[in-house]
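Enquirer: Letter by letter, the chains look like this.
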Amino acid sequence: MNLLKDRRGVARIIEAFLASILIISCLYLVPISTISKDSTVSLASKAQNALLSLDNNGHLATLIDEQNWTALKDCVASTLPLTSWFNLTVFDKDMNCINPFPISNAGLVSDKIVSVNYVCASQSSTYKIYTLRLQLSGVGLS
Amino acid sequence: MPATSIDTFLACTVIITATLIATGFLFSSMQTSINNTKDINKNSYLQSIAEQIITNPGSPTDWGASNLVPTDFGLARSTSNSYELDIDKVSRLNSQNYFSLRYADMLKASKLNNVALGISASQVMSIIIQQTSDDNLKTTNSFNFTVSTNINSEPTNANLTAYVFANNVLENITADIQNTEVGVNNFAVQIPTNAEDNAMLVVFARASFDSRITSYGVYSFLSAAQEIAPSNDTLVLTPINYTLSIMTNLSDLTIQNGYILSFDHQQTLSLPENGSQCLIPKLIDQSPYVIILNGVNNGTYVQTWTAYPQIPLNAGSSFSGSEQNVFSYTVTINDVLYKVEISFGDVTP
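Sequence lines, in order, name chains S and C. Residue 841 in the working numbering is what sits at position 112 of the first sequence, and the numbering runs on without skipping anything. Residue 205 in the working numbering is what sits at position 197 of the second sequence, and the numbering runs on without skipping anything.
It should be emphasised that the hints constitute simulated quantities derived from the structure, not laboratory data. Among the clues, some could well be false.
Keeping only pairs whose Cα atoms sit at most 27 angstroms apart, straight-line, the calculated BS3-like set for lysine-lysine is [said to hold, decoys possible]: (1) S:Lys841 with C:Lys347; (2) S:Lys841 with S:Lys802; (3) C:Lys347 with S:Lys802; (4) S:Lys841 with C:Lys50.
Just so we're clear, the structure is a prediction, and the values are computed from it rather than from any experiment.
Produce the complete structure using the sequences and hints provided.
Expert: If you want it as structure tokens, here you go:
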């Protein structure tokens, strides 16, 4: 009867369970994996490469001068993989957006977006300066 | 044994088990984090090497123009804009080039000791040439072709130029091309029946939105298929430094004529009487060149072709069954856009 009435041992087991739950729940605070900083660096490098290659001989500025937004979109799309999303915004020297509609390919494919700014100058006699902001996101891009 | 001791023992067992599980989980989490950090370091290290190869002309800066082996590997043009590659350095990566750079030399010049290296280059716009039907007549055969153009597998509108070369005669058939839908063009070609074994169709396509996206495709009537690389190994052409070297193992071969073709131009090559080299004219055209050469060996026509730059190409390691870290770039070569991929194997410490 004394054995059944002694509740101290049961209390220890309950304490132990509570302690175990506390220890295991602490593990949720440990980040499982860090977000790879490198993939954003690669995306930025890819965006920079696309803009620099396309602007060879001032081609991008010529398309902006002509307001040929469709060709500008096709140019950017041709240099990027199919699994990527991009949004290009063109600003004038006062940072006013001058493209009348979004220059973008599809829906956003990832919540990790990089943004690269690129300045180009018109080859015409008016010598306009444009700032291009290319936002890029992608699945499995390296 | 008192009940409290049993309970204490059980409680301790539960606590110790929970601690062991937690420690194990923590260890695996930390291991994942350590591996991620290693991968970040490896990726940025390899990316720096890839950037160096693409943006650096190497040493000597004109190593592509001759059969020199570079001491420092780089593919950029010596006086170049960003991401502008040298036509000869890229061509020397092609295994069909007589002066092609050996893999061991490429690794040594890249200063890579324990890392596999692979480089591939391709046209931005793909051309697919398909023969859809043929009509056999008495003296000539008529072949119907469909040419599809796409970028990243998406049909792309393009303007086409097409040449047919048969029995030593070159004909421009661009006027016969009909655009039927986005990225699809149809045309017919008439070939003399006795010329089918040596006839060749060369098609250039230029994207309607950017003239720098110009690609070529070559169709062989003999194999009834599109050729990625010249299939004739008895007559091999190597373009380097705007000079065409002609190598053959046919003792009775007489070179009759040669042409250089681009999207906007065609020109006859000035072939030397008995020499094995001739100059390649510099055409003012945002287009790859296709050079075709025709000769006669014991009364039989022999033909071959090559592209300048010699793209598509795959150089270096094939990475079969091993880790491959790929870095892709859009580059310009002679004002034409191409895609280049630089791959590395795993970094072993």
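Enquirer: Now tell me if each hint is right for this structure.
Expert: Hint by hint, here is what the structure shows:
no. : hint                   : in the structure
1   : S:Lys841 with C:Lys347 : 25 angstroms, holds
2   : S:Lys841 with S:Lys802 : 21 angstroms, holds
3   : C:Lys347 with S:Lys802 : 18 angstroms, holds
4   : S:Lys841 with C:Lys50  : 21 angstroms, holds
Of the hints listed earlier, there is not a single one the structure fails to meet.
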